[in-house]
Amino acid sequence: MKLIFHIFKKDVRHHWPEIFVPLILLAVFAWDQPRRWAGHEAANRFLTTFLNAIPFLLILAWMFLIVRVVHGESLVGDRQFWTTRPYERTKLFAAKLLTAIVFLNLPLFIAQLILLKLSFFPVLASIPGLLVIHLLLFAFLVMYGFAIGSVTSGMGQAVLAVLVVIVGLIGIGSLFAVFPSIEFTSDFLSGELGLLLLAGGIVTALVQYIFRRTLFSRLLFLGMLASVAALMLLSMSPRIINYNLPAPTAEHPVPAKFSFDRTAAFGHEPGQKYYGKNVELEFPIVVEDLAQNTVVQIHGIKLDLDLPTAQHWTSGWRSAYDSVEAGRTRTWPSVELPRAIFDPVRNGHVNARISLALKVYRVGGGTALSFDGDKLHFADGARCAIDATGRNVKCFAPLKGPAGFAIYSDSPGSECFSPSEEKEEPWAPLPASYFNFTSENPVPDPALSPVYDFDFSFSRRHVYEDLKTTVPVCPNTKFLFANLKYQYTTRTEIDLGDIKLANYLPTFPRKIVPPIKRPSLHEPSGTLSFNLLLPGAELIARR
Amino acid sequence: MNFPIETEYLTKNYGRVKALDDLTFSVAEGGVHALVGPNGAGKTTLIKILVNIFHATKGHATVLGVDSTSISGKAFASIGYVSENQQLPLWMRVGDFLKYLRLFYPTWDRKLEFALVDQLDLPVERKLKHLSRGMRTKAALASALAFRPKLIILDEPFSGLDPVVREELGQALVLAREYATTLVSSHDLAEIESFATHLTYLDAGRLRLSEDVPSIRARFREVELTLDAPAAVPENLPSNWLHASASGNILKFIDSAFQQEALQSEIFHRFGTIEHAAFNPMTIRDIFLAVAKSTRKPVKPAPLP
Chain U
25 MKLIFHIFKK DVRHHWPEIF VPLILLAVFA WDQPRRWAGH EAANRFLTTF
75 LNAIPFLLIL AWMFLIVRVV HGESLVGDRQ FWTTRPYERT KLFAAKLLTA
125 IVFLNLPLFI AQLILLKLSF FPVLASIPGL LVIHLLLFAF LVMYGFAIGS
175 VTSGMGQAVL AVLVVIVGLI GIGSLFAVFP SIEFTSDFLS GELGLLLLAG
225 GIVTALVQYI FRRTLFSRLL FLGMLASVAA LMLLSMSPRI INYNLPAPTA
275 EHPVPAKFSF DRTAAFGHEP GQKYYGKNVE LEFPIVVEDL AQNTVVQIHG
325 IKLDLDLPTA QHWTSGWRSA YDSVEAGRTR TWPSVELPRA IFDPVRNGHV
375 NARISLALKV YRVGGGTALS FDGDKLHFAD GARCAIDATG RNVKCFAPLK
425 GPAGFAIYSD SPGSECFSPS EEKEEPWAPL PASYFNFTSE NPVPDPALSP
475 VYDFDFSFSR RHVYEDLKTT VPVCPNTKFL FANLKYQYTT RTEIDLGDIK
525 LANYLPTFPR KIVPPIKRPS LHEPSGTLSF NLLLPGAELI ARR
Chain L
6 MNFPIETEYL TKNYGRVKAL DDLTFSVAEG GVHALVGPNG AGKTTLIKIL
56 VNIFHATKGH ATVLGVDSTS ISGKAFASIG YVSENQQLPL WMRVGDFLKY
106 LRLFYPTWDR KLEFALVDQL DLPVERKLKH LSRGMRTKAA LASALAFRPK
156 LIILDEPFSG LDPVVREELG QALVLAREYA TTLVSSHDLA EIESFATHLT
206 YLDAGRLRLS EDVPSIRARF REVELTLDAP AAVPENLPSN WLHASASGNI
256 LKFIDSAFQQ EALQSEIFHR FGTIEHAAFN PMTIRDIFLA VAKSTRKPVK
306 PAPLP
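Protein chains in written order, with the working numbering: chain U, 25 to 567; chain L, 6 to 310.
By construction, these hints were calculated from the structure, which means they are not laboratory data.
A few of these clues could be false.
Distance condition first, Cα-Cα at most 30 Å in a straight line; then the derived DSSO-like pairs of lysine-lysine [unchecked claim]: (1) Lys26/U to Lys116/L; (2) Lys134/L to Lys26/U; (3) Lys26/U to Lys132/L.
A quick note: this is a predicted structure, and the numbers were derived from the prediction, not measured.
Full structure from sequences and hints, please.
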């Protein structure tokens with residue numbers, strides 16, 4: 025222990041500038057956070073940019089500190105004086121860890137406690153969550169710093185290694201852009217990939233500190249990054265996609281009837297032109313028989329075309345961003361198509377099918393809530409307020425946001441209305457709503473600030489249910505809140521038959537034919553949302 | 006007798022290059038053991054294997070009874086190692102450097118540290134980065150001697166140093182003979198001749214000679230025979246007669262296993278009565294030159310254009 029402190033004191037004496045810089049940055053970060061919560065902006069653009077860059081600069085400064093401290097007793101090469109002195113590598117490693125903990129984790133932990141106190145969130149109750157954040161920080165920042173420091177001999181090499189890691193991560197990230205299907209398989213291996221990334225830094229640093237085999241450690245480090253990419257590519261096999269998006273079963277059926285509405289299309293004027301390499305098609309899908317207490321997240325779409333040239337084209341699975349809930353009658357999933365495919369067949373007939381990836385959620389019992397003026401005490405201790413735009417609710421929660429939830433409001437109402445949007449296209453007979461599909465996660469959000477901020481707003485669908493508009497949130501607005509509990513994932517395939525693709529290319533301005541008549545709203549309008557949530561909502565509605 | 010260093014069939018390859026070739030030798034306890042040889046002879050490789058910086062391709066070595074591949078951490082509390090190109094913490098002052106190292110060594114002797122600082126004239130307040138190369142080597146040597154190591158291993162410590170510094174380092178090593186065995190490598194014999202008690206000569210990774218200095222001096226003689234008639238170099242000379250040459254009536258050679266009576270008898274047997282025989286003692290430097298020449302292939306002169 026004596027030697028550990030001895031090496032630690034030496035490092036502090038030598039590396040005080042590297043220690044000092046992140047401490048200053050952290051102090052600025054802690055000073056700036058409450059200002060951000062209050063919506064204050066910096067005096068000038070330079071200061072704004074600097075303050076926005078603080079988390080990035082902090083991570084950079086911490087990385088620099090760790091690498092420099094590790095380089096103090098470099099593990100690379102055969103000329104270091106310490107390798108032929110009675111240094112025990114376990115104690116050396118412990119001393120370096122101590123430096124990281126004392127000058128990285130500890131000040132951040134203190135700053136986080138102060139921020140929690142300043143934000144009036146419970147400090148003591150948040151400590152276990154904070155410790156989890158610090159464990160993650162330790163594994164993904166400190167240990168990667170150790171790994172990079174231990175396999176490089178100087179700052180030049182270390183910067184190169186950081187660039188390799190960044191390029192590697194960008195490469196892994198770009199796999200999502202090049203192969204959108206990965207998004208539907210990454211869940212399958214997310215545990216393994218997470219473990220691999222977690223192990224990357226820890227294993228490399230430990231192997232190098234124990235065995236001091238630089239080439240082996242470097243290969244190990246690169247190998248782990250390469251394995252992440254390789255695993256992601258391997259996971260794109262159709263078997264894994266099918267495993268991740270299983271076909272419906274009796275136990276897990278398609279939660280509603282999805283069928284193609286052959287009568288609806290976009291009304292094109294002659295001579296309309298389109299630009300760009302891709303076109304985005306939208307298909308009208310009728311939704312029927314969705315259970316009252318169910319919300320379905322449509323998170324993926326695949327379009328298959330049998331072209332007249334006897335060729336088959338598939339978009340592969342791509343992300344989709346829609347959801348259907350009780351009361352919805354249709355959805356308009358969209359998919360991108362290259363012009364090279366679209367142009368030759370746009371006015372001809374092609375046989376088409378779309379597949380939708382569906383996540384099914386059960387809606388829990390509803391709770392009636394209302395804003396207290398413009399303030400709101402929300403789920404999981406979150407505190408919210410209507411922001412200056414009057415259409416957005418800004419929330420703050422300790423450590424992480426709430427798990428999946430649905431909110432319904434009968435906005436715009438007579439006291440809080442938004443006539444301009446309705447003039448464009450009438451509202452659908454649905455309440456304004458907001459769905460958050462975040463899954464229940466015991467791990468806090470791994471961010472530097474312990475105060476997690478998130479927004480929500482109420483959106484209302486227009487009559488074709490293809491568009492929605494964010495409606496105002498007025499002081500004292502009443503709404504229904506319900507938890508969303510994930511049930512299962514499945515997929516469904518919808519045969520579109522022989523279609524003319526051009527009919528599903530949106531016009532600008534949008535014009536859907538045939539026009540739908542303005543529906544009559546339930547009366548009184550204030551009970552719309554209550555009618556959609558059973559059985560808890562009924563109780564509230566009767567009050 | 007104890008042997009703080011022993012090697013058996015030690016071989017180290019760098020790709021196709023053999024830096025050490027089946028090297029078996031030992032260093033007896035006490036004294037200053039000089040490891041000499043030309044550049045590229047394998048001295049540094051041998052030393053780095055001994056202190057577990059490199060691993061042997063074949064064979065093994067023990068240092069203070071421990072397998073060299075296991076030497077790390079606490080084992081270095083008994084070994085003082087200084088190398089010409091070692092990277093020291095240059096940001097430290099000399100005094101802080103010695104103070105920092107104190108805690109690592111249970112046997113660190115503060116009085117000896119002060120004596121070494123004094124003897125080597127070290128500026129304790131100056132940072133290592135502001136010292137000359139010679140001064141840095143002296144600081145490293147002080148840090149390697151102040152804990153009274155059982156074994157001192159020095160890799161080319163005198164390289165590029167001025168004669169005064171060499172003398173100071175040499176004196177420090179002579180004093181260290183009281184408690185330590187020293188292995189010191191050099192490519193220049195003159196640097197260590199004055200205080201070495203044993204000599205090991207390496208060439209192209211092979212051991213050519215390893216003996217104590219008095220025995221080497223006793224074993225080598227430059228022999229000059231004056232014959233009755235013009236001399237020619239006879240064929241089938243004994244293998245210990247090196248570099249035989251003839252000029253007029255004079256025949257010269259170096260006897261590498263000198264024993265006067267046996268040599269006289271061999272001369273009589275080969276040449277009968279001779280006019281005169283001189284058996285001249287040799288300097289260590291001349292002995293090594295003779296050994297070096299005898300182990301090298303003769304260089305063929307290039308053909309004239």
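How the hints compare with the structure:
1. Lys26/U to Lys116/L: OK: Lys26/U and Lys116/L at ~23 Å, within 30 Å.
2. Lys134/L to Lys26/U: holds (28 Å)
3. Lys26/U to Lys132/L: Cα-Cα ~25 Å, so holds.
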